[in-house]
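Visitor: The chain contents come next:
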Amino acid sequence: MTTTDLPRVDAAPSPEEPTTWTGKIRALWMRELPPEKMLPETQPKYVSSWIYVFGMLTIVSLIVIIVTGIVLTIGGVQWWHTSSFGHYMNSLHFWSVQMFFLFMTVHLWGKFWMSAWRGRRAMTWITGAIAMIMSIATAFTGYLIQTNFNSQWIAFESKDVLNSVGMGALINVTDFGQMVLMHVALLPLCVGVIVVMHVLLVRYRGVVPPAEAIDHAHTVAITEVAS
Amino acid sequence: MIGIAALDHPADYFTWGIWSISAPNLILFAILVLLFVGALLLPFPKGGEHK
Amino acid sequence: MMSLRHAPTQDLDSRPWDGPTRHYDIFKEGAIALVIVTVLVAALAAIFSSPDDKQLTFKSWAQSSPDSMYTTMVAELAGTSDTYNYGPPYNNNSEGLSVGPIAMQKWMGVTHPINASQDFVIKPLESQTMSADVKAAVDQWNAATPEQQTQWASNYDTALNDAAGANGDPAKVPTGDYGPTSVLAQAVVDMAKTGAYDGAIMQGQFFSTDQTKQMLLMGDGSYMDDIATTDNLQGNTWGMVNEAGSWPGQMWLAPFSFWYQLPAFNNTDPNNTFAQTLTDNADAIIFAIMMVVVLIFVFVPFIPGLRSVPKWIPVSRLVWKDYYREYGRR
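Protein chains in written order, with the numbering used here: chain A, 1 to 227; chain B, 1001 to 1051; chain C, 2001 to 2330.
A couple of the hints might just be wrong.
Said to hold, decoys possible - The list that follows gives simulated cross-link-like pairs (lysine-lysine, DSS-like), each with its CA atoms no further than 25 Å apart:
{"id": "1", "chain 1": "C", "residue 1": "Lys-2123", "chain 2": "C", "residue 2": "Lys-2028"}
{"id": "2", "chain 1": "C", "residue 1": "Lys-2311", "chain 2": "C", "residue 2": "Lys-2321"}
{"id": "3", "chain 1": "B", "residue 1": "Lys-1046", "chain 2": "C", "residue 2": "Lys-2193"}
{"id": "4", "chain 1": "C", "residue 1": "Lys-2123", "chain 2": "B", "residue 2": "Lys-1046"}
{"id": "5", "chain 1": "C", "residue 1": "Lys-2135", "chain 2": "C", "residue 2": "Lys-2123"}
{"id": "6", "chain 1": "C", "residue 1": "Lys-2059", "chain 2": "C", "residue 2": "Lys-2106"}
{"id": "7", "chain 1": "C", "residue 1": "Lys-2054", "chain 2": "C", "residue 2": "Lys-2193"}
{"id": "8", "chain 1": "B", "residue 1": "Lys-1046", "chain 2": "A", "residue 2": "Lys-24"}
{"id": "9", "chain 1": "C", "residue 1": "Lys-2135", "chain 2": "C", "residue 2": "Lys-2193"}
{"id": "10", "chain 1": "A", "residue 1": "Lys-24", "chain 2": "A", "residue 2": "Lys-37"}
{"id": "11", "chain 1": "A", "residue 1": "Lys-37", "chain 2": "C", "residue 2": "Lys-2028"}
{"id": "12", "chain 1": "C", "residue 1": "Lys-2059", "chain 2": "C", "residue 2": "Lys-2135"}
Simulated from the structure, these hints should not be mistaken for lab results.
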């Protein structure tokens, strides 16, 4: 038996019903996502393919992106043009973004072909898809704040897209200050929150079983009856 | 550019009708496909079975 | 216990897994992955570096192609520039783009007003110490009616760009009723050559984080556009996914960039009015298409047909080949 199969009442052994909001939320948390379910030491045996490592690779790429991004933030927006260490930090940021999207795409293809939304896991797919779209928006604003020819050209071209649908009135890609705030504050926060939700949902619902998995409980029951 | 082999030179482009892709993008796309196919086909280490 | 937990096979996907398990250590996996990715990225960065083409300035424009800047300034005065005719959110000189009857660009209104002749020519000149002839030209311009201003500048713009006449060469423009147009345009180019225009266009802002005016003006001329063409960055040649030099670009924008390559959004046949409408409104229509694509992507689990593709093409048997080999398929 895996720990997730424990009867639910055992997960929150409380003699009295909690009365505070805090107590109720804790009880709900302990019932729905107890620590042994959130950080399990076992996985279903079908989790046996290299395709499963690409979610983790995407997350660690994101960690490298965030760490190098923080260093670039401390240096300031123009620092990397004049400091060779800054330029290397920019290169790390650049390549970790390339790896991030590379790994995320493999992860996405894998989850599509596994139809990983089966078994009430649609929200896991949806949060993953939104995370990808938010990441694209974040990467886009990153290109806008390089303070070089690239950002000038991308701002000039992309303004037409946003203006054409009226969004330019609110989000001005040629406003460097606005794009800096979006790229280093607002959008990473959005990506971070949605990625955390995505990972929690993976743990909450568990890894999707094989599309043609056999019913082990049923098989065992039949075997026991037969013997 | 700081880098042992900085890519600061014009890229080759492959164009078929409306389709066009730069050599670096094509290489990255090939790696993407290879990673996906490799992840499906390469044997995954066994062990650590519980029951 | 067994009878209590017995559930029909259809629920197999949603109930907690009660089959065989194997050892798993998420933190160990994460630590190994972090080391691998860090080493990989550190190597890629050290070997290949990252792109950083120097920013363009009005100084570099004026010095490398003064004629292009001069022509652009004349266009700003005459009201023939892209910025002057852009429409919202910069001005009301056109209606902007729409998707059928939905004209969001127009409806959202002018939020970042730009008066091309004033903001790009007159005000920057006035912000500096002017020579006597430039001051006289600015005074003459300001004293004239808007109709007169447009008349002067349009006359000059037409003469300057006359392919059979001057063809872009200011020295070959025949005499005419141009008012101070050429003096004003030349004054801006002269100022830009010294680097003063890069500050003057900000019009005394101490905290200057909004480059809307600079970006629009920079794009009105051929200077930036030509560099982008050389670097394969134009939108209708997959420029959105390309990068200067030999670095990889934003490949993740390929599904967006794709639509800009279609002939319907690059119409050159004036008789094909439908294609011309698509081309004129390409940005808005492609954005709308992408909204639909995004919705399909996000809601794949609920879209009949699409969600069954993995069932029809069982690529997943490769993912679970170890499991199926040991336990068989249902």
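Visitor: To test your reading of the hints: which numbers does this structure violate?
Guide: Failing hints, ascending: 1, 3, 4, 6 and 8.
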